[in-house]
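Each chain, letter by letter, is given below.
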Amino acid sequence: MRNTWVIFKRDLKSYFTSPIAYVVIALFIGIAGIFFYALLTRFLNIQMQAMFQAQQMGQQIPINVNQYLIRPLISNMSIIALFMVPMITMRSFSEDKRSGTMELLLTSPLSNTQLVMGKFLAALTLFTTMIGLAFIYPVVLMLSGNPEVMPTIMGYIGLFFLGAATVSVGVLISSLTENQIIAAVGTFAVMMIFWMIGWVGSGSGLFSDVASYLSLIEHIDDFTKGVFDTKHLVYYASFMFLALFLTYQSIESTKWRG
Amino acid sequence: MDVLKRYGFWVGIALAFIGLVVQWILGVWSAPALIPLILGAVLTITGVAVNWTHVRELFKRQTTQYGLSSIAGVLIVIVLLVVVNLILSDINWRKDTTAAGQYSLAEQTTKVLRNLEEPVTVKAFDVETSRQFLEDRLEAYADYSNNFEWEFIDPDKQPEVAQQYEIRSLGTIVIESGAKIERIDEYTEENLTNAIIKVTREETKQIYFTTGHGEHPLNERAESGMQNALNAIKQQNYLANEIFLAEQDSVPADASVVVIAGAETEFLEKELTLLRDFLLDGGNLMFLVDPEPKQGFTDFLQDYYFDIGDNIVVDRSGLGQLFGMGPAAPLVNTYTDHPVVDGFSVMTFFPLVRSIEVNVPDEASGYNGQILASTSQNSWGETDISPGQQQQEVGQDPDEMSGPIPVAAAMEVPVPGGTQNSRILVFGDSDFATNRYYNAQGNGNLFMNGVNWLLQDEDLISVQPKSPEDRQIQLNQSQVRLVLILVIILLPVAILITGGVVYWKRNKS
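Top to bottom, those sequences are chains A and B.
Count along the first sequence from 1, then add 427; that gives the number in the numbering used here.
Count along the second sequence from 1, then add 392; that gives the number in the numbering used here.
Calculated directly from the structure, the hints in this document are not laboratory data.
Each residue gets a CB set at the ideal place from its N, CA and C atoms; glycine is no exception.
Any given hint could be a false lead.
[As the list claims (entries may be wrong)] Calculated lysine-lysine pairs in the DSBU-like style (CA-CA distance at most 35 Å, straight line): (1) LYS658/A - LYS487/B; (2) LYS503/B - LYS626/B; (3) LYS503/B - LYS858/B; (4) LYS626/B - LYS658/A; (5) LYS658/A - LYS436/A; (6) LYS503/B - LYS658/A; (7) LYS658/A - LYS572/B; (8) LYS858/B - LYS549/B; (9) LYS626/B - LYS682/A; (10) LYS900/B - LYS440/A; (11) LYS626/B - LYS900/B; (12) LYS626/B - LYS436/A; (13) LYS397/B - LYS487/B; (14) LYS572/B - LYS549/B; (15) LYS436/A - LYS858/B; (16) LYS682/A - LYS503/B; (17) LYS487/B - LYS503/B; (18) LYS858/B - LYS658/A; (19) LYS572/B - LYS487/B; (20) LYS897/B - LYS858/B; (21) LYS503/B - LYS440/A; (22) LYS572/B - LYS858/B; (23) LYS487/B - LYS858/B; (24) LYS549/B - LYS662/B; (25) LYS503/B - LYS572/B; (26) LYS686/B - LYS626/B; (27) LYS440/A - LYS682/A; (28) LYS626/B - LYS662/B; (29) LYS436/A - LYS682/A; (30) LYS487/B - LYS452/B.
[Unchecked claim] Covered by chain B, according to a simulated footprint, are these stretches of chain A (three or more residues, beta-carbon under 8 Å): (31) 515 to 529; (32) 572 to 579; (33) 652 to 658; (34) 671 to 677.
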């Protein structure tokens, strides 16, 4: 346990003392902010149109900020995260490999598991900080209205799990190469595959059922609606477990390959 | 030989792979696919054989053994994860946290689904853009029962299926179980759950049509027959049959509704008694009467507080002309809020109709009467109905009823000792439900609405659709601009500054 903590602290410090983390987070918040602003102005428009319609027809249609603003916002943020996370995780192992400290780590009493978990948790913490800052959007909405709280929290939980899955893949790919660019691009490519696979799965039959189950966005969908379902947790947990297990194997193979 | 030794294996693998790809492209195991495959297989095996000593040594090496056990480990983990996911996607816990509960199903629906013993297959026919909406909702159904399976079908992409099910409008959903099939025009939770109930329940409600008095024949495709009505009844998974009351001791026990469709001659007293007993037993009646000289059942229905007009309703507004009918076929588009016509927006018309009113005195407790539909204001109840008059210009006499004139009415009759009441529906015309006029405007719908109201199907549920709660945002122009500055500029800049400070402090030390 203590060893994991050592690696975790070390990597986290390395993230927060390098400019890359701040640039990535600032970019994420900047782009998400633009989306939020666009959705907000669009939502205010929808509200106004509904009000006119209500005056004409005498019937008020319910307009729900979660449905028209928060849900698309979280969907958009998950796509931005897809681009940004590889840039966080690309240095995870690659940095150590490049600077030669990898040998030190491998020959130390540190176990593979502790090494992998330490690095994963550090990158995950960075990601969590990123979406933590993105809570400013619901806060703004709560100050100016009455959004539904639980569905919003559910949405962010879904975003967290999606990001955690991306982080785990990022750590895996980064353990396979010492080139950070390849690590970032590789992570991005793998995530894209698990994103697109959902589109293949339109129609019916076993093949498309499997394809849509494997899709990352399929499993965040319920969260964005405000619906919690354990099967999505199981999916994301399995995803992370497999990615981290493969990372473990990759480290292990480095060890016995000399 | 050396070339074979070195490259044989790999070329073999490549060729075999090409063979498989060709097979996949062509779809058949023909020569262009088989030749590379077989050749490749041969080369691979030869390559291994020729290098056998090398191969044996390779397997003895520790790195190979590590590598293989590594791969084995990964495969085992993948298999385990697949199993866990399969199990836990079935045994899952789900919670809808929205305030309106718009993503959860009503308790009545979940009860039906949990008790579902027979497999039910649902096919939803709609455009691709509606898929998400239907998926959200139908997945919720599927979650509660392993016997519920559903499929989304785009009629453009699978026209054969759409044709097989005779789909005429988008949004139609077909529900099947065993031999029973039910279809609904559009998704609502109520429609779908009721359809499931209907196709899976064992007994079927029976509707009997009286015969022997010149009524419109049920199984008849000619203009004066009731084949269209019969088909509509069957489509809703109910049964309909003719019955000759004079030969019966009582209305059959499995009857839910008895329909008298345009009787020309009088009913025997015995038959009327059977009908009265049927009502006392909780049965329901639909009377399609006509103006003289056909039967109006005036005396019989008077006991139930119906006032059958001795007239023909004539419409001066010329509406009838639009549909090629004369003034004696008034159009009806004024409806009350009675369940049979609540929300009814299509016009109906009744060729040759008499007025139907209800008049429940105060002392008659338990009776609940209401008119359903009326003609326009430009109509009146003409009492002089000698044959020649219809063609000429007729005028309203001072003592004749003025429009709007009710032409259909409903009555709830208390059943002694029972909890439910009996229902009677009276229409002042019988032709509107015959084949000739059934499909005109809202006629067919009105008839089936009436049938459904009379059936009092207690199995069926009523569910209010849930729309999301109203949650709005109050921001004025300047506040919105403030948000823009905060969210797009201030926060990102603050983050960059923090980074800059950390970087600068680190470089300082």
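Consistency of the hints with the structure:
Taking the CA atoms of LYS658/A and LYS487/B, the gap is near 12 Å; set against the 35 Å cutoff, the hint holds. Proposed proximity of LYS503/B and LYS626/B is supported: the alpha carbons are some 26 Å apart, at most 35 Å. Our distance criterion of 35 Å between C-alpha atoms is met by LYS503/B and LYS858/B, whose separation comes to about 18 Å. Proposed proximity of LYS626/B and LYS658/A is contradicted: the alpha carbons are some 41 Å apart, above 35 Å.
A distance of roughly 32 Å separates the Cα atoms of LYS658/A and LYS436/A; the hinted pair therefore holds under the 35 Å criterion. With a C-alpha separation of about 22 Å, the suggested pairing of LYS503/B with LYS658/A holds against the 35 Å cut-off. At most 35 Å may separate the alpha-carbon atoms for a hinted pair to count; LYS658/A and LYS572/B meet this at roughly 33 Å. Taking the CA atoms of LYS858/B and LYS549/B, the gap is about 31 Å. The hint holds against a cut of 35 Å.
Distance restraint check for LYS626/B and LYS682/A: the Cα-Cα separation of roughly 74 Å exceeds the 35 Å cut-off, and the hinted pair is therefore not satisfied. In summary, the hint linking LYS900/B to LYS440/A is supported, as the alpha carbons are separated by about 17 Å, within the 35 Å threshold. For the suggested pair LYS626/B and LYS900/B, the alpha carbons sit about 87 Å apart, so the restraint of at most 35 Å is broken. Restraint check for LYS626/B and LYS436/A: the C-alpha separation of about 73 Å exceeds 35 Å, so the hint is violated.
Under the criterion of a C-alpha separation no larger than 35 Å, the hint pairing LYS397/B with LYS487/B is inconsistent with the structure, at around 63 Å. Between LYS572/B and LYS549/B, the direct Cα distance comes to roughly 26 Å. Compliance with the 35 Å bound is thereby established for this hinted pair. At most 35 Å may separate the alpha-carbon atoms for a hinted pair to count; LYS436/A and LYS858/B exceed this at roughly 49 Å. Between LYS682/A and LYS503/B, the direct Cα distance comes to roughly 58 Å. Violation of the 35 Å bound is thereby established for this hinted pair.
Between the alpha carbons of LYS487/B and LYS503/B the distance comes to roughly 17 Å, so the proposed pair stays at or under 35 Å and holds. A threshold of 35 Å between alpha carbons decides the hint, and for LYS858/B with LYS658/A the separation of about 25 Å falls inside it, so the pair holds. For the hint pairing LYS572/B with LYS487/B, the CA-to-CA distance comes to about 33 Å; that is within 35 Å, so the pair holds. Under the criterion of a C-alpha separation no larger than 35 Å, the hint pairing LYS897/B with LYS858/B is inconsistent with the structure, at around 57 Å.
Of the pairs offered as hints, the one joining LYS503/B and LYS440/A is violated, with about 55 Å between alpha carbons and a cut-off of 35 Å exceeded. With a C-alpha separation of about 29 Å, the suggested pairing of LYS572/B with LYS858/B holds against the 35 Å cut-off. For the hint linking LYS487/B to LYS858/B, the alpha-carbon distance of about 16 Å falls within 35 Å, and the restraint holds. A C-alpha spacing of about 59 Å is found between LYS549/B and LYS662/B, which places the hinted pair above 35 Å, so the restraint is violated.
Only pairs whose Cα atoms come within 35 Å are accepted, and LYS503/B paired with LYS572/B is accepted, the gap being roughly 21 Å. Under the criterion of a C-alpha separation no larger than 35 Å, the hint pairing LYS686/B with LYS626/B is consistent with the structure, at around 28 Å. The suggested pairing of LYS440/A with LYS682/A holds, with an alpha-carbon distance near 26 Å, which does not exceed 35 Å. Between the alpha carbons of LYS626/B and LYS662/B the distance comes to roughly 30 Å, so the proposed pair stays at or under 35 Å and holds.
About 24 Å separates the Cα atoms of LYS436/A and LYS682/A, which keeps this hinted pair within 35 Å; it holds. For the given pair, LYS487/B sits about 55 Å from LYS452/B by alpha-carbon distance, which is inconsistent with the 35 Å threshold. Interface restraint, the stretch 515 to 529 of chain A with chain B: violated (0 residues with C-beta to C-beta distance below 8 Å; minimum three). Counting residues of the stretch 572 to 579 of chain A whose beta carbon lies closer than 8 Å to any beta carbon of chain B gives 6, which meets the minimum of three for the stated coverage.
A count of 7 residues in the stretch 652 to 658 of chain A with a Cβ less than 8 Å from any Cβ of chain B is obtained; the coverage claim is therefore met, three being the minimum. Here the stretch 671 to 677 of chain A counts 3 residues with a CB under 8 Å from a CB of chain B, which clears the bar of 3, and the coverage holds.
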